[in-house]
Amino acid sequence: MEDAKTLALQITRVSQRAERSLYASGCALELTKCAWFALTWQWDPKGKVHLLPTARTQAEAKLTSGGNLTEMIKIPILEPSEATRTFGCYSAPNGSSEAQVKILFKRQRMSGRL
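Counting from 1 along the sequence shown, just add 1 to a position and that's the residue number in the working numbering.
Simulated from the structure, these hints should not be mistaken for laboratory data. Here a beta-carbon is modelled for each residue, glycine too, at the ideal position from N, C-alpha and C. What you were told as hints is all true, and nothing was included just to trick you.
The following label-pair restraints were derived from C-beta to C-beta distances: (1) Val15 - Ser112: 38 to 48 angstroms; (2) Asp4 - Cys28: 31 to 41 angstroms; (3) Pro54 - Thr87: 17 to 27 angstroms; (4) Leu52 - Glu31: 21 to 31 angstroms; (5) Lys103 - Ser22: 27 to 37 angstroms.
Here are the simulated lysine-lysine pairs, DSBU-like style, with alpha carbons at most 35 angstroms apart: (6) Lys75 - Lys6; (7) Lys107 - Lys34; (8) Lys63 - Lys34; (9) Lys75 - Lys49; (10) Lys34 - Lys75; (11) Lys6 - Lys49; (12) Lys75 - Lys63; (13) Lys6 - Lys63; (14) Lys49 - Lys63; (15) Lys107 - Lys75; (16) Lys103 - Lys63; (17) Lys75 - Lys103; (18) Lys103 - Lys6; (19) Lys103 - Lys34.
The whole structure should be built from the sequences, with the hints applied where relevant.
What follows is the structure, encoded as structure tokens:
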């Protein structure tokens, strides 16, 4: 799992640089809306690949926000099955569209069409 820790370190460096750049230009990165995935695969003896749960990944990313350089905010790591909203669509790294389907059904029920 050393690769995951290296990944977390790189994500932290790049994200902190982006956060500082945004802050310097008068903008902000909303850390409460941030999350990251650590995708780790394992091959079984038959050569089939399996996406491992994040719980096995002992890595974390922490960032500072704005002018507060002393408080480190932990950015949550999500499971590969957890969907996030990007450009109005919910998708998960494991390819599941379950969250998007649930959202669409909920919207249909709210509009009274289902």
